Amino acid sequence: MFSLNLRDPKFRTGLLKESIESMLAGDTETGKMILRDYINATIGFEKLGAVVDKSPKSLMRMFSTSGNPTANNLFGIIHTLQKKEGIHFEVKASR
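Heads up: the sequence shown is residues 65 to 159, going by our numbering.
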């Protein structure tokens, strides 16, 4: 069922957006979990590792419950995933 929804670009974009929004809201554990699921179900850690020049094992550790990716790694990966989806997220302030 999960993989069928991933054929829908809107669903994939929503999943990626939810991950980023969770992290920005301070819920990094949920954000990492969603991002890990997204990566597993789309590009995969092998292909992502080749693109960002990181080992798949290192990427999997970054997005584990105890993982703590650097900002440089995290935003580089998010940039790569946005590019793959053909989208661009922007952060806007709200009150």
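The set of hints was computed from the structure by calculation and includes no laboratory data.
Remember, predicted model here, so these are calculated numbers, not experimental data.
Where hints are given, some of them may not hold.
[To be verified] In silico SDA-like cross-links for lysine to any residue, where the CA-CA straight-line distance does not exceed 20 Å:
1. K81 x D117
2. K156 x G95
3. K111 x S122
4. K111 x R100
5. K148 x E93
6. K121 x F75
7. K147 x V116
8. K74 x G90
9. K148 x D91
10. K147 x A157
11. K156 x D91
[Stated by the list, open to error] Per label pair, the in silico range of CB-to-CB distance:
12. P73 x S119: 27 to 33 Å
13. E110 x N132: 21 to 27 Å
14. F153 x E93: 27 to 33 Å
15. M124 x L70: 35 to 41 Å
16. S122 x D91: 35 to 41 Å
17. P73 x S130: 19 to 25 Å
18. K147 x S119: 31 to 37 Å
19. R159 x S119: 26 to 32 Å
20. G90 x K147: 22 to 28 Å
21. H152 x A114: 18 to 24 Å
22. N137 x D91: 30 to 36 Å
23. M124 x R159: 17 to 23 Å
Built from N, CA and C at the ideal position, the CB exists for glycine as well.
Need the status of pair K156, D91: alpha-carbon distance at most 20 Å?
The given pair, whose Cα atoms are some 18 Å apart, holds under the 20 Å limit.
Return holds or violated for the Cβ distance of R159 and S119 against the range 26 to 32 Å.
About 42 Å separates the Cβ atoms of R159 and S119, which means 26 to 32 Å is violated.
With respect to the beta-carbon atoms only, verify the hint that E110 and N132 lie 21 to 27 Å apart.
22 Å, holds
Would the hint linking K81 and D117 be met if the CA-CA limit is 20 Å?
24 Å, violated
Taking 18 to 24 Å as the hint, is the beta-carbon distance of H152 and A114 inside that range?
This hint holds: roughly 22 Å between Cβ atoms.
Has the given pair, K148 with D91, been kept, meaning a C-alpha gap of at most 20 Å?
Outside the cut-off at roughly 25 Å; violated.
May I ask you to test the hint 27 to 33 Å on the CB atoms belonging to P73 and S119?
29 Å, holds
Cβ-Cβ distance between G90 and K147: within 22 to 28 Å?
26 Å, holds
Holds or violated: K148 with E93, Cα cutoff 20 Å?
Distance of about 24 Å is beyond 20 Å: violated.
Keeping to a limit of 20 Å between CA atoms, is the pair of K156 and G95 held or broken?
This hinted pair holds, its Cα atoms lying about 18 Å apart.
Taking only the CA atoms, is the gap from K121 to F75 under or equal to 20 Å?
With Cα atoms ~27 Å apart, K121 and F75 exceed 20 Å; violated.
Given a hinted range of 30 to 36 Å, is it respected by the beta-carbon distance of N137 and D91?
Check failed, 19 Å falls outside 30 to 36 Å.
Hint violations for this structure: numbers 1, 5, 6, 8, 9, 10, 14, 15, 16, 17, 18, 19, 22, 23, all remaining hints satisfied.
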